Every structure is written in structure tokens, then in C-alpha cells.
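Colleague: Below are the chains, spelled out letter by letter.
Number of protein chains: 2
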Amino acid sequence: MESIAFDFSNMMVEQLGEEQGIRREEINAMAARGRAIVQSVQNHRHGDGLRWFDLPYQKETLAEVKALARQMAGRYHNCVVIGIGGSALGAIALRSALLHPWHNQLPDEKRPGPRLFVLDNVDPDWLSGFFDVVAPEESCFNVISKSGSTAETISQFLLFRQALRERLGDHYIKQMIVTTDAKGGSLRPLVRRETFRSFVVPEGVGGRFSVLSPVGLFPTAVAGIDVDALLAGAARADQETRHEEIWQNRALLYAVLQWLSYRRGKRISVMMPYSQALRDVAAWYRQLLAESLAKRKNRAGEDVFVGQTPVKALGVTDQHSQMQLYIDGPFDKVVTFLRVGSFHKELTIPPWQTGQSAVDYLGGHSFNELLQAEGDATTIALTEAGRANASFILPELNAYTVGQLLYTLEVATAYSGELYDINAFDQPGVEAGKVATYALLGRAGYENRRQEIETARRRATRFAV
Amino acid sequence: MESIAFDFSNMMVEQLGEEQGIRREEINAMAARGRAIVQSVQNHRHGDGLRWFDLPYQKETLAEVKALARQMAGRYHNCVVIGIGGSALGAIALRSALLHPWHNQLPDEKRPGPRLFVLDNVDPDWLSGFFDVVAPEESCFNVISKSGSTAETISQFLLFRQALRERLGDHYIKQMIVTTDAKGGSLRPLVRRETFRSFVVPEGVGGRFSVLSPVGLFPTAVAGIDVDALLAGAARADQETRHEEIWQNRALLYAVLQWLSYRRGKRISVMMPYSQALRDVAAWYRQLLAESLAKRKNRAGEDVFVGQTPVKALGVTDQHSQMQLYIDGPFDKVVTFLRVGSFHKELTIPPWQTGQSAVDYLGGHSFNELLQAEGDATTIALTEAGRANASFILPELNAYTVGQLLYTLEVATAYSGELYDINAFDQPGVEAGKVATYALLGRAGYENRRQEIETARRRATRFAV
Numbered sequence: 000m001e002s003i004a005f006d007f008s009n010m011m012v013e014q015l016g017e018e019q020g021i022r023r024e025e026i027n028a029m030a031a032r033g034r035a036i037v038q039s040v041q042n043h044r045h046g047d048g049l050r051w052f053d054l055p056y057q058k059e060t061l062a063e064v065k066a067l068a069r070q071m072a073g074r075y076h077n078c079v080v081i082g083i084g085g086s087a088l089g090a091i092a093l094r095s096a097l098l099h100p101w102h103n104q105l106p107d108e109k110r111p112g113p114r115l116f117v118l119d120n121v122d123p124d125w126l127s128g129f130f131d132v133v134a135p136e137e138s139c140f141n142v143i144s145k146s147g148s149t150a151e152t153i154s155q156f157l158l159f160r161q162a163l164r165e166r167l168g169d170h171y172i173k174q175m176i177v178t179t180d181a182k183g184g185s186l187r188p189l190v191r192r193e194t195f196r197s198f199v200v201p202e203g204v205g206g207r208f209s210v211l212s213p214v215g216l217f218p219t220a221v222a223g224i225d226v227d228a229l230l231a232g233a234a235r236a237d238q239e240t241r242h243e244e245i246w247q248n249r250a251l252l253y254a255v256l257q258w259l260s261y262r263r264g265k266r267i268s269v270m271m272p273y274s275q276a277l278r279d280v281a282a283w284y285r286q287l288l289a290e291s292l293a294k295r296k297n298r299a300g301e302d303v304f305v306g307q308t309p310v311k312a313l314g315v316t317d318q319h320s321q322m323q324l325y326i327d328g329p330f331d332k333v334v335t336f337l338r339v340g341s342f343h344k345e346l347t348i349p350p351w352q353t354g355q356s357a358v359d360y361l362g363g364h365s366f367n368e369l370l371q372a373e374g375d376a377t378t379i380a381l382t383e384a385g386r387a388n389a390s391f392i393l394p395e396l397n398a399y400t401v402g403q404l405l406y407t408l409e410v411a412t413a414y415s416g417e418l419y420d421i422n423a424f425d426q427p428g429v430e431a432g433k434v435a436t437y438a439l440l441g442r443a444g445y446e447n448r449r450q451e452i453e454t455a456r457r458r459a460t461r462f463a464v
Numbered sequence: 000m001e002s003i004a005f006d007f008s009n010m011m012v013e014q015l016g017e018e019q020g021i022r023r024e025e026i027n028a029m030a031a032r033g034r035a036i037v038q039s040v041q042n043h044r045h046g047d048g049l050r051w052f053d054l055p056y057q058k059e060t061l062a063e064v065k066a067l068a069r070q071m072a073g074r075y076h077n078c079v080v081i082g083i084g085g086s087a088l089g090a091i092a093l094r095s096a097l098l099h100p101w102h103n104q105l106p107d108e109k110r111p112g113p114r115l116f117v118l119d120n121v122d123p124d125w126l127s128g129f130f131d132v133v134a135p136e137e138s139c140f141n142v143i144s145k146s147g148s149t150a151e152t153i154s155q156f157l158l159f160r161q162a163l164r165e166r167l168g169d170h171y172i173k174q175m176i177v178t179t180d181a182k183g184g185s186l187r188p189l190v191r192r193e194t195f196r197s198f199v200v201p202e203g204v205g206g207r208f209s210v211l212s213p214v215g216l217f218p219t220a221v222a223g224i225d226v227d228a229l230l231a232g233a234a235r236a237d238q239e240t241r242h243e244e245i246w247q248n249r250a251l252l253y254a255v256l257q258w259l260s261y262r263r264g265k266r267i268s269v270m271m272p273y274s275q276a277l278r279d280v281a282a283w284y285r286q287l288l289a290e291s292l293a294k295r296k297n298r299a300g301e302d303v304f305v306g307q308t309p310v311k312a313l314g315v316t317d318q319h320s321q322m323q324l325y326i327d328g329p330f331d332k333v334v335t336f337l338r339v340g341s342f343h344k345e346l347t348i349p350p351w352q353t354g355q356s357a358v359d360y361l362g363g364h365s366f367n368e369l370l371q372a373e374g375d376a377t378t379i380a381l382t383e384a385g386r387a388n389a390s391f392i393l394p395e396l397n398a399y400t401v402g403q404l405l406y407t408l409e410v411a412t413a414y415s416g417e418l419y420d421i422n423a424f425d426q427p428g429v430e431a432g433k434v435a436t437y438a439l440l441g442r443a444g445y446e447n448r449r450q451e452i453e454t455a456r457r458r459a460t461r462f463a464v
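Residue numbers (numbering that gives the first Met the number 0), protein chains in the order written: chain P, 0 to 464; chain R, 0 to 464.
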């Protein structure tokens, strides 16, 4: 079984030139620190925030996930995830990467498993409209929230619970599976009392690191994804990213190269898959990077306001949207391509000799060649313009290679936290917004905050046109 | 009929504080320059690159678009756009904004018009899979390329032309509508010879400014969008954005505020709709901003490497992904919210008194209230953290208000080009990538470049793990 690879030639001075390139010596100079980081993180892998390291080895949970998934897939046309952020992005990424590219729109007779929907917003038009395409009684719902206090998720839980009860009475219980904390939070007591079937969001695993827990595994297993191979790939990546030698460890190298780039003013980290299927891996990584590494304070408690801004792009599509900026704009970006060695299908461009030179050369090539040529061409153009870029290469697109990729990026994020000297596993910045939402909706205990907000609104000078 | 509004209170020193806020005096100081910019741009609105200014008034073209759209909508189940970049993003934005939120997945009996697909990538798996969900013989295809040399579009043109011919013989011609240059390029000669029906990409209108030309209008009219109201909204915005007084002109104000922010180090411009329907307006704007305003050279020919990086985000979804970064990360962003006053549907959160305080307060509220409270809460949290933000407000979501918004953003982009002193209507940076693609695919005339690339590859030092 093949391994993913990480090619960072175009980050280095040899390709990128003196001004923008990184020198071997700079990487060598990080060798000791890199070794210390690997040791430190790996020695704490059973600690809080880091327990996702062991998700590839959860045999019992995996068996339970697969058993219930088989049952649900046999009974229902649809699997609907009710979750947001880390409770949604993993399933979305795996769906795009590993199911038929038009899975949800396939006619029933061509679709190997249930349709998979992830409802990660509360837009009333969008949710109302959902009932026009999915019959709740033909669907199982996976409600995912560790704390059980996520307003978006709980609201939808209430919505679909009622929709099911209206149609099925108390039998509705069988169609809702709740993934939440083992003991605490607001949902576990309801699981017990109402006898929902449930999975556990493991202790010490934050939402953005939960894709390989039941959070990501269960709904994607229902839809037909090979979760065994996914975890096997992750396990392989675990072995490979423990290596203490910097030049041998692609997670550590990726972390160090991104960090060196950030220190040189490359505040923006673009992830650009040349694969329609991998577009949502970039969306998943966007959360992982932003929430983990953007922090106001370092570990000493000093204000640092650090953090690369992740940007998701898509090859070839965004060549016609963002490439002008990446080539000619400020030198504030580093681009990470995701490349696929060989695609599942070979699709030929039919020849037509029209007498138009811009048309005639294409016939006889394949779309595979075209996509690869465009990816290569973009890499060449960026590099010649002095723009730092690197590539993760998946020899082919399957659960085993995607498992490697996701896990490698998670490990790289943990190592990056050490380089930035910040806590990569909290997200203190989102608290203020949650509190203001509670206050505005009149949740008990938030009356003073509501008063404050109303006073501030009255006093505000409004500028509008 | 109601107007959109632009609220920039949270850009100003009164809300944002001394350190991050902009002063009234700074805007007043731009009044004379602003007036000169409006005059200069408006006086050249019939010139090259700017002729999209008059698209709201194209009566004859509009009648032709609607007539053919009606015909196609009556005959086919699907409308498939073959185009990329500016030939795709307008239709995608309008589809999301103005059709049923699950339009393409609605059962035939519930769907008021054909399904609308936009194939803006060349991924072989994705394109192969498309044949599993769409029967070419039941579809009309709109091939869009001004030059007729866009490799991605031409390849797909060849693919679907053959698919149709295999099924329909020469009758296939009736199902392909070509939107291209009036005279030049590679497609116009084929239109004439093969007698495809066609529309014109108007002279002096770049792809990213073409949404209100037949490029964006025809496919969306087929799917059932009210293109009259769209243009009426744009015409209104045209009147309003000609105002020479800076405080009265929301396009000019938006341009000036963004430019002042950029000069203070806010290199990143986030557009964050609190509306699932507007998510692809942010994707459309992302191209408009990046290609128009990211430039290596100013008009004097000096290297400046300017350009904000656009980022698309989505409320409430990205509160659980990017908000940590926006609140606690570097002060390098300005956020533009898109807010909707009232949604089409009112959707109640059903009450359930569970004894859990994190659950019980939600029942009886509506998803509309929840979405608005979260949008307000995010705005408050950002502002209190000193993070610049502003909002475009659409009183409701319809073709008239969306037409206003798109046109206003286009005008703002033209005005911004003057502030940056760059040419907002070219995209020289993408040429190198195109040439490299031609070279790699063996297009005649690019043999030397191919040789160069091969030599460089042989000599390259590879760093990979």
C-alpha cells in the first residue's frame, strides 16, 4: 500500500531563489528543536487535547460504529448529520473525497449507500427547503455536540425531533443517534432518559481533531466509506510522523516550513487541491489551522496575536479566479497543493479538427493529462514568480491515503503549536460571540450582558448609507 | 422597492476605538479625490474594460436571452454551463441566491425550472460521474468563452459535443448554445459554420464583470431567475453609485474604507454572508477582487505587488471554524458581512422542556431570530475586539436586491482601481500558467517553452519525503 509524499522543493532556495527561498541550513538549524518537539508531543499523546493521536487504534468503538452503520444503511435512504464546525467538517471532507462525486444526486438504483447530508447552518430558508428534498421518516439523524450546548445543533435537534415525532410517534427514537460527551453536557442525560442510541466524543479530543472518532466515522460509514482503511492510513501516518529526524518527518517539516514562512511575513496559507474530491479537505484543514494556531496569547500569557490565515482554493477552477493574486500580489502567501497521482477514471477529450489551433491540439489528450498539466503549469508559474509552494501527493485517492493525509495534517498542527509556543487545543476567542448570542436570545443567566449590549446599541453612532 | 444599505459604523473610531478605527476626517480628506474618481470613471464608462456599466440597459439582448431561455426551459430537464472563472461564478452566485436552496435536488414535480449545473473544473472523476446524474440528451449546454481558447472549456465542449452527437446525430446542434466574442476568437467561426445558436460576450466587458451580460443571464433565465428584476436592481445601483459626494455613495465609501484599511496593514478582506443563499456571492466577489486589484505594477509601470486577499466565509457556519482567528489573530483583516433583513420562510424552533438550561431557552424562538442573533453577536464580538467590520444589508433576498449588490460591488472595484492607481481590468499574472499548460500539452508554437520546462525539471534539486 502506497504512502503519501510531501514535496517541498519549491519552498527552497534552490528553486525559489535567494530572496524567497528557505536554506537547508535553516532546516538543519531546527533539527534539535524539532526533535524536542516530537519527543514532547509524543510523550504527552495521552494527555488532554492530544488523545486523538490514538484514534487509529479504537478497535471496539470501530466495531460498534460499523455495526450500527450497517443497520442504518439497510433501513434508511438518508443520513443527516446535525452538527457544526468540528462536528461537520470531517464528514463533509470524507464525503467529497471518498464517495461518488455526485453521490447525493445519484438515482437510488445507482447509489451504493444512503445519501449523506450535513446541516451545518441555521438559515431558515435553507432548512425549510430541506423538507422538500428529504423525507424525515426515511432518514436517520446523527446529532453531534460534545457539550450539548451548541445553539445551532440543539435547535436543529428540536426541529427534526418534532418532525419525526409527528410522523412516527415514539418510534422516532430509533432514527436519532446522538454523539456526545460520555458523561457531562446537556445531551447525555437526554440520551439516558429517552434511550437514544449514542456514541461518545472521546475525552481529550477537540472537535477539530475528531474526524477519526465516531464524529466523523459513523455518518460516513453509513454512507459507505471504508472506515477501516481510513484508520489504517492514519495509523501508518502515526508511525511516520513520530520520526525524530526532521528530514524524515513530513509533519514536522511541514510545520517548520510554514512557521519559517510566517516569520517572513507569509501570513496567508493557501491549500489548493488539484482534485474536485479533495476540495473539502481544504475546508476541514481551514478550521484545523485557524482554531488551533490563531491565538492572542502565548503560553507565557503575553499578547502575541499570531496566526496564519488559511485560504481554500481549488485547481484548476481558481486559476481563473485567484491565480492573478497569487502570482502578482504581495509576497504574503505560501501555497500547499494537494495532488493526486492517478484518478479512478480515464476520460478522453474527443478529437475534432476544426482548423482552429486553440481547439485542435486538445483532442486525443485526456482530462487526466489536462488536469495534471495545469497543476504542473501553475506550480512552475508560481515558482518562477518567487512564490513559495509545496505539494502533498496522494498516489491515488482512497480511504487509506486520505487517512494518511488528515492525520499528518493533525500532527503537523500539534507540532506547529510548539513552534508558536501557544496552546493549539483551546479556542478562547469564540466565547464572546457565544455569550452575546445567549444574551440576545434571553438565556437565563445572561441578563446583565443583554443589558450591556442594549445600552451600547443606544449609545452607538451609526454610519450608514 | 427597497434599497440595499451599507453600514460601516464598526469601521469608525466611534465604535472601534482610536487604534483601529477610521476617523470622519480621514473620509472627509478623501472627498475631493473621491469626486475626481467618480467623474473620471463615469466619464469613461463607455471605454474598454468599463462597458459593463451599461449592461442594465441592454433591452434587445435581454429580450433574446429571455426568448431562448423560455424555449430551452420548455424542452430540457437540465441546463449545463460549460465555463470557468468569470464564465461560471456569476451563474453560480445567482443560482444559490435566487433559486430554491436545494433546487437541483428537488424532485421534478416540485422544481419550477430545469436543474442548473456549472461545470467549472476538469477533474476526470467528477466529469465522468456527471453522466451518472445527467442525461445529455435531456440537457441544453451553454458553452461560454470569450476567446474560445480556454483549454478547460474547449475540452468540455468537445466532450459533450461528442456525447450529444452519439445520441442525437446532427440534431445535437440545437442543444448547444455558444456565448462568445462577436467576431474574434476560436468559437465564433464554429458558431457560423455549424450554426450553433449563440450570444455575444460584449466588447469591453471582462469575464469577472460579465454576470449581467448573457454570460450570467442566459443560464439563470433558463433555470427560472427573474433577470428583469436583476437588471432593474443593477440600474438602481448605477444611479446611486454615480453620486459624487463621498458620504452619499456606498460604492465609493466601500472602496475608500477598504483602501484605507489595506494601507494600515489589513491585507485580508473577508466577505461573510449570514445567509446560506449568499455564500456564492462571496465566491463571485472573491474573483472580482483578486483579479481586479491584485497587480504587480501600478500605472506608472513600477513594481508595487499590491492586492488584498479575499476570503469567503459563511455565517453562522464559520463562527465554528474561522472566528477564533478573526477575533484573536493578527489585526490584518477587515470583514464585510452580507445581512438579509427578512427571509422567505419563518421557521420555529419547537419547544421541549428537558430540564437542561442549554436546551430549554431555545424553544419558541425561530431560526430567523437565531440566525440574526448570531450575526449580531459576531458583529459585537468582533467590534469589541477592535476588529474592523461593515455590513451590506439586503432588506430581503430577491433579484432586485441582489442586482443592486452585485453592481455596487463592481462599481466599488472600479473605484478601487483608481485608489490603487492600477489597471483593474487586466490579469497579466495568469499568462505564464496558460503558456506552460499549452507547452506541456504540446500545442503548436509552444515547443521552445516546453524545452525550457524540461531542462529546468532535469536540473531541479528535489526535496521530498
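Derived from the structure by calculation, the hints contain no laboratory data.
Take these hints with a grain of salt, some might be off.
[As the list claims (entries may be wrong)] So, partial list: chain P residues that the calculated Cβ filter (under 7 Å) puts toward chain R:
no., residue
1, I21
2, S39
3, N120
4, E165
5, S185
6, A293
7, V303
8, M322
9, S341
10, H343
11, Q355
12, Y360
13, F366
14, A435
15, R442
16, E446
[What the hints assert, rightly or not] Computed list of lysine-lysine pairs in DSS-like fashion (alpha-carbon distance at most 30 Å, straight line):
no., chain 1, residue 1, chain 2, residue 2
17, P, K182, P, K58
18, P, K182, P, K109
19, P, K296, R, K311
20, P, K433, R, K311
21, R, K433, P, K311
22, R, K433, P, K344
23, R, K58, R, K173
24, P, K311, R, K58
25, R, K344, R, K173
26, P, K296, P, K173
27, P, K182, P, K433
28, P, K311, P, K296
29, R, K311, R, K433
30, P, K311, R, K296
31, P, K65, P, K433
32, R, K296, R, K433
33, P, K433, R, K109
34, R, K433, R, K182
35, P, K296, P, K344
36, R, K296, R, K311
37, R, K344, R, K296
38, R, K109, R, K344
39, R, K173, R, K296
40, R, K311, P, K109
As the structure is a prediction and not an experimental result, all values here were calculated from the model.
Ideal Cβ positions, reconstructed from N, Cα and C, are used throughout, including at glycine.
Colleague: Indicate, hint by hint, whether the structure satisfies it.
Modeller: Do the hints match the structure? See the list:
Annotation: interface hint on I21 (chain P) violated; nearest CB of chain R at approximately 10 Å, more than 7 Å. Taken as an interface hint, S39 (chain P) does not check out: its beta carbon lies about 21 Å from the nearest beta carbon of chain R, beyond 7 Å. About 5 Å separates the beta-carbon of N120 (chain P) from the nearest beta-carbon of chain R, less than 7 Å, and the hint is met. Interface hint status for E165 (chain P): violated, as the beta-carbon distance to the closest one in chain R is roughly 10 Å, over 7 Å.
At about 4 Å, the closest approach between the beta carbon of S185 (chain P) and any beta carbon in chain R falls short of 7 Å, and the interface hint on this residue holds. The interface hint given for A293 (chain P) is met, as the beta carbon of that residue sits about 4 Å from the closest beta carbon of chain R, less than 7 Å. Below 7 Å, beta-carbon pairs count as interface contacts, and V303 (chain P) has none with chain R, the closest being about 9 Å; its hint is therefore violated. Annotation: interface hint on M322 (chain P) holds; nearest CB of chain R at approximately 5 Å, less than 7 Å.
Here the hint on S341 (chain P) is broken, as its CB sits about 10 Å from the closest CB of chain R, past 7 Å. The interface hint given for H343 (chain P) is met, as the beta carbon of that residue sits about 5 Å from the closest beta carbon of chain R, less than 7 Å. The restraint placing Q355 (chain P) at the interface with chain R holds, with a minimum CB-CB distance near 4 Å, inside the 7 Å limit. For Y360 (chain P), the interface hint holds, the least distance from its beta-carbon to any beta-carbon of chain R being 4 Å, beneath 7 Å.
The restraint placing F366 (chain P) at the interface with chain R holds, with a minimum CB-CB distance near 4 Å, inside the 7 Å limit. The closest approach between the C-beta of A435 (chain P) and any C-beta of chain R is roughly 3 Å, which is under the 7 Å cut-off, so the hint is satisfied. Below 7 Å, beta-carbon pairs count as interface contacts, and R442 (chain P) has one with chain R at about 4 Å; its hint therefore holds. For E446 (chain P), the interface hint is violated, since its Cβ never comes within 7 Å of a Cβ in chain R; the closest pair sits about 12 Å apart.
Proximity of K182 (chain P) to K58 (chain P) is assessed by CA-CA distance (about 21 Å); at most 30 Å being required, the pair is judged to hold. At roughly 41 Å between alpha-carbon atoms, K182 (chain P) and K109 (chain P) are farther apart than 30 Å, so this suggested pair is violated. Only pairs whose Cα atoms come within 30 Å are accepted, and K296 (chain P) paired with K311 (chain R) is accepted, the gap being roughly 26 Å. Taking the CA atoms of K433 (chain P) and K311 (chain R), the gap is near 21 Å; set against the 30 Å cutoff, the hint holds.
Distance check on the hinted pair: K433 (chain R) and K311 (chain P) sit about 21 Å apart at the alpha-carbon level, within 30 Å; holds. Taking the CA atoms of K433 (chain R) and K344 (chain P), the gap is near 25 Å; set against the 30 Å cutoff, the hint holds. With a C-alpha separation of about 25 Å, the suggested pair K58 (chain R) and K173 (chain R) falls inside the 30 Å cut-off, and the hint holds. Proposed proximity of K311 (chain P) and K58 (chain R) is contradicted: the alpha carbons are some 39 Å apart, above 30 Å.
For the given pair, K344 (chain R) sits about 39 Å from K173 (chain R) by alpha-carbon distance, which is inconsistent with the 30 Å threshold. Annotation: proposed proximity of K296 (chain P) to K173 (chain P) is violated, straight-line Cα distance about 45 Å (limit 30 Å). A threshold of 30 Å between alpha carbons decides the hint, and for K182 (chain P) with K433 (chain P) the separation of about 23 Å falls inside it, so the pair holds. As the CA atoms of K311 (chain P) and K296 (chain P) are separated by approximately 26 Å, the hinted pair is consistent with the 30 Å bound.
Distance hint between K311 (chain R) and K433 (chain R) is fulfilled; the C-alpha atoms sit about 26 Å from each other, no more than 30 Å. For the hint linking K311 (chain P) to K296 (chain R), the alpha-carbon distance of about 26 Å falls within 30 Å, and the restraint holds. Taking the CA atoms of K65 (chain P) and K433 (chain P), the gap is about 35 Å. The hint is violated against a cut of 30 Å. Of the pairs offered as hints, the one joining K296 (chain R) and K433 (chain R) holds, with about 20 Å between alpha carbons and a cut-off of 30 Å not exceeded.
Restraint check: the Cα-Cα separation between K433 (chain P) and K109 (chain R) comes to about 38 Å, which exceeds 30 Å; the hinted pair is violated. Distance hint between K433 (chain R) and K182 (chain R) is fulfilled; the C-alpha atoms sit about 23 Å from each other, no more than 30 Å. Restraint check: the Cα-Cα separation between K296 (chain P) and K344 (chain P) comes to about 48 Å, which exceeds 30 Å; the hinted pair is violated. About 26 Å separates the Cα atoms of K296 (chain R) and K311 (chain R), which keeps this hinted pair within 30 Å; it holds.
Note on K344 (chain R) and K296 (chain R): the hinted pairing is violated, with a Cα-Cα distance of about 48 Å set against a maximum of 30 Å. Straight-line distance between C-alpha atoms of K109 (chain R) and K344 (chain R) comes to about 17 Å, which keeps the hinted pair within the 30 Å bound. A distance of roughly 45 Å separates the Cα atoms of K173 (chain R) and K296 (chain R); the hinted pair therefore is violated under the 30 Å criterion. Note on K311 (chain R) and K109 (chain P): the hinted pairing is violated, with a Cα-Cα distance of about 34 Å set against a maximum of 30 Å.
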